[in-house]
Amino acid sequence: MSRHSFHTRLLLTASIALLAFFAISALLLDIIFRQTSENILANRMQVVVMSLIASTELDSQGRVMIPEVLPEHRLERPGSGLYAQIRRGDGAVVWRSPSTLGHDIRYPPVIMTGEQRLVRSTKDEEDPLFVMSFGVAWEGPRGETAPFVFDVAQSLEPYESQLWRFRRNLLGSFLLLSVVLLLVQMLVIRWGMRPLRQMGASLREMQSGRQQALTGDYPRELAELARTINGLVSDERAHLDRYRNSLADLAHSLKTPLAVLSTLRDDPGMDGATREVLNAQVERMNAIVEYQLRRAAASGSGQNLKRTPVAPVAAKIVDSLAKVYHERGLRFDQRVEPELVFQGEEEDLMEVIGNLMDNACKWAREQVVLEARAVSGSRGRMLEVIVRDDGPGMPAEAVERFTRRGVRGDESVEGQGIGLAVVRDISVMYGGEVQVERAEIGGAELRVMLPAAASA
Amino acid sequence: MRVLIVEDEQALLESLGRQFEAAGFVVDLARDGREALYYGEEFPLDVAIIDLGLPDISGMDVIARLRADGKSLPILVLTARGRWQDKVSGLEAGADDYLVKPFQPEELMARVKALVRRAGGWSSPVLRCPPVTLDMATQQVWVNDNEVTLTTYEYRSLEYLMLNAGKVVSKAELTEHLYADDDDRDSNVIEVFIGRLRRKLDPANAVHPLETLRGRGYRFRLQRAA
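If you're matching them up, the sequences are chains A and B in order.
Residues 47 to 502, numbered by this note's numbering, are exactly what the first sequence covers, in order.
Residues 56 to 281, numbered by this note's numbering, are exactly what the second sequence covers, in order.
There could be a bad hint or two in this list.
[Unchecked claim] Under 7 Å between C-beta atoms, here's a sample of chain A residues computed to sit facing chain B:
(1) R134
(2) T309
(3) S366
(4) E393
(5) M396
Just so you know, these hints were derived from the structure itself, not from any lab.
All C-beta atoms, glycine included, are put in the ideal place defined by N, C-alpha and C.
Looking at chain B on its own, in the form it has when it is part of the complex (with noise of 0.2 Å):
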């Protein structure tokens, strides 16, 4: 999953970083409007979270930038000021959620997830595709009830795909959305990533979880549960 972090304060921005790095995000930081935008417009980004208060172009100017050019992501807003009137133009701007400073890491955390699930069209964290369960909150993955052990960048694979479950995502797509630069990476990495988790989620390979559309992608194609 790919976030954008724009905070103009320096150590919260690394000490963010760090922190959505920790938790599997591939992260882009903007320091200011500009760069915010250059990220908008040329990384195919899943989540943004936007400092309001930004030295050049003020954030709200960049949301109503990014909403201008049709881009759909999940923005969460970070305001200093905590009064109604900030909050709601920050929303009517096109934000989907807002946090006044200061805020706790780990609802930040939570609040950011939500959204990429909401985008996705999930409401619980807890993504259920039968036989296939997956928990963002704990990172943990079961098919029925037996826990799967995953490595990250196979977490990540089968998170992305679970999100966006029923839809054709392709390699390049995906290769985006878990690594943070774009140089020409080996596809085979993402083949080799999908083989695995088809071993591991299905060794018996009965349900065929991940469905290969030869030239266009890969398709997560169980159903979600009701």
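Looking at chain A on its own, in the form it has when it is part of the complex (with noise of 0.2 Å):
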């Protein structure tokens, strides 16, 4: 259930509670509107009785006496529904009415004087009927008491049918009426379902680096949620640029005092062997601190909201290049499609391209070639920067040190190492990978895959 999207549970439990209301609507109502017909029915039946009791009279022989026109012509119409009959005390009948012509109608036994009874009975063994009796006393001509039963039957059918005709009205509005409250429903809650839905293309948006923050008009109870999470968010952010300005300010006061160090093996007061343990105690201190900070820095990223476009980065990286190896006289080719967007810091990607564009200063003869280019992998959308030079090609052993897999701790690295190590330790921490392959043009080619965002 509670895969279930919020949208189909409000949906679910509100159509039941909506049918459920409907079926038990439905079945009071037809409850009343039977009720209320067989009321009408009865009033209707104990006004003929009644006329038929007020138009009879006792002959002087005591016989019963019916008038010609009786008080409801539909006594007098064969099979008109409405039927009836006299019995006297002893259940012998009297009188019949002219519709019972031909008819078979099962009455109910006789009652006593003063009674009144409503009963269903059948005519012809199948029709429905009610039948109602009532009991009456005349005063003989001789002075004596003679005992009457009045029957009249009422078929069935025409309350039948009205009956059901209600039940179809009835059924068919509800239907109709289920309908459109569903629609009307649905209507509701996708309408009151649309902030949910703004807030979370909002929060898309923002891990995929096109927003900051949460935007958009939430209603009361969703706008805390919308403050605690951009709340959350900045402080995240803040708490990382604290980070890493922490450690800048760490790293600018460890190396001065390791720049002074080194600056004192021309002292001339120190003897070569001192000098060689100083410089390379020097060396391995400032291996240890930078490769620290810079991972330190890097693994700093964690869940990335900042894009990063990677033309501007590339060509900054290379007009800096062109001028630090100016007497080199190197040739540099650029090749990065210009629509490229990085899903990450600018100083991740600026460390990633600086270091493999320095590395291959380093080894070229003349040439260095930067590509970048969006590829679809397993991974989805990534970015693939390529860097390859002329020169003789990297020592298996850096290549190795290069594409190993994972991170390394505390492991000294050689100074010409750290670059690279910093390039694999960004890749690795952006889910990317890295590779070393021998260049056409003669030197290595360094393959790296970071994650690339959709171009604006």
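Could you use the hints to bring the two separately framed chains together as a complex?
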């Protein structure tokens, strides 16, 4: 159940409630309608019975006298649905209405004088009837009391058909109403859920780095949540910035003393052996500091929300290196797809491209190629950075160190290797990978995969 | 050659100053951005080494201001932060090279000399103007294949003139690039150096490597080797 969407849940429960409500209402309405109809029918039959009694007289011989014209003309037409008879107290039928002609109506047993009873019965063994019996006593010509029972039978057929018509109408209108209400409810839920869907879309935008915070006008309940999420994100960002700044400060404060130590080597008061030890240790401390600082800075990336266009970063790095390696007269060849966007920090992309290119410049004879393109792999859209040079190629040991899986801890890295180790670490941090091949132009070809963002 | 070193760490500043002096540079030292700008505006520097992490004005701003004032001297940036972002923004601000702390002093020296050479249009540390050859790395000078022994100031004068080969260098300019303070130095001293250099480089008085342009200065007139 928990896997069902909010939307489905609301729709499902509300629909069930709605249908149950309609079913119970229909049932109750049906019962009420039937009772009311029966009451009306009984009242009408009573009127017939009463008028029949009123128009009947006993003659001087004590015989029942019925007028030529009956009070209800339906009693005169055979098979009209309304029937009547008069019985004596002993059960002998003294009169039957003309409508009874040719029909066999089952009447209940006689009842006592003063009693009135309504029962269900049948006509011709199958057609349902209501029979109302009324017990009366008349004074005979000799002053004796003579009991009689007046029976009026009413066919239920018109009543039944009315009931079915009512049921059909009820069902039809309720079904129509249900459909309409369900549709309305769906719209209401959809409308009610819109802020949630908006928030989801906004979060996705944040994740892909197109947005820095949740935007949009949310209802009170969600506004609180949105504020909290925004707060968390900006705290996280501030924390990351603080972390980086303090790392940078640490780097600065450690490295200047290291620089002082390394210039001490030329102190004339120092003997050769001491100088060597000093050199080696300074070098080592520096390598450790450098490596750990960069690794920590890179691991700060975490869940990345930033988007960095690749081309400007590549251009900056190439311009910088062209300046630094001016004397070597290197030829830089940039082949960067213009719309390419890296899903991550600009700083990290600079480290990757900067270190790859710097490494290539060191080995190159005269040409360095920087290529960046979008590729779609098993892990979705990726950005592939390829740097190749025309130098002698990377030594096997360096290749092995560069492509080794995982992130190493405190292992010391040779000065030259730091840059590439950082490239590998950043790539791993972003869920990418690195690869070394032999370039067609002669030297090494280093490939790094990084996550790409959809271009703006 | 006149170098400005800007670094807020006193020990490092002094140590670098000694090394550059030993290598034949005229050295100006600055501990903060304001001093750096003062030296940059007031003295004819050949090269500057600027630490990015300065207490008052950031190294980046110092570079940007010098460039804005039209100073085209080569600048090497020292930075403790080895991140590419810092390197790139340093170079974008107008620096020509960078070095991450800690560094090998030899590396710094080599880079600075390379920058100076590059500014003069030389790409190798060995300056060849046949028959004269000057090696900036070893500070040796040859005429044809014979090594010529020069005193420190003679060497510095020749190095400066050869770096600017083909250009006219005034006496004042030469003085400023040879001596730290510019109090009235007898201009005859320069004439004496030039005279000695002429005798040592061209004993036969045949090639005339150093030209005197009356009232304007001197010019190293031998063609650079291709």
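So, going through the hints one by one against the coordinates:
Annotation: interface hint on R134(A) violated; nearest CB of chain B at approximately 121 Å, more than 7 Å. Below 7 Å, beta-carbon pairs count as interface contacts, and T309(A) has one with chain B at about 4 Å; its hint therefore holds. Because the beta carbon of S366(A) sits about 4 Å from the nearest beta carbon in chain B, less than 7 Å, this interface hint is met. With 7 Å as the threshold, the beta carbon of E393(A) comes within range of chain B, its nearest partner Cβ sitting at about 5 Å, so the hint holds.
Hint on M396(A) holds. Least Cβ distance to chain B is approximately 4 Å, under the 7 Å limit.
The structure fails to meet hint 1 from the earlier list, while all remaining hints are met.
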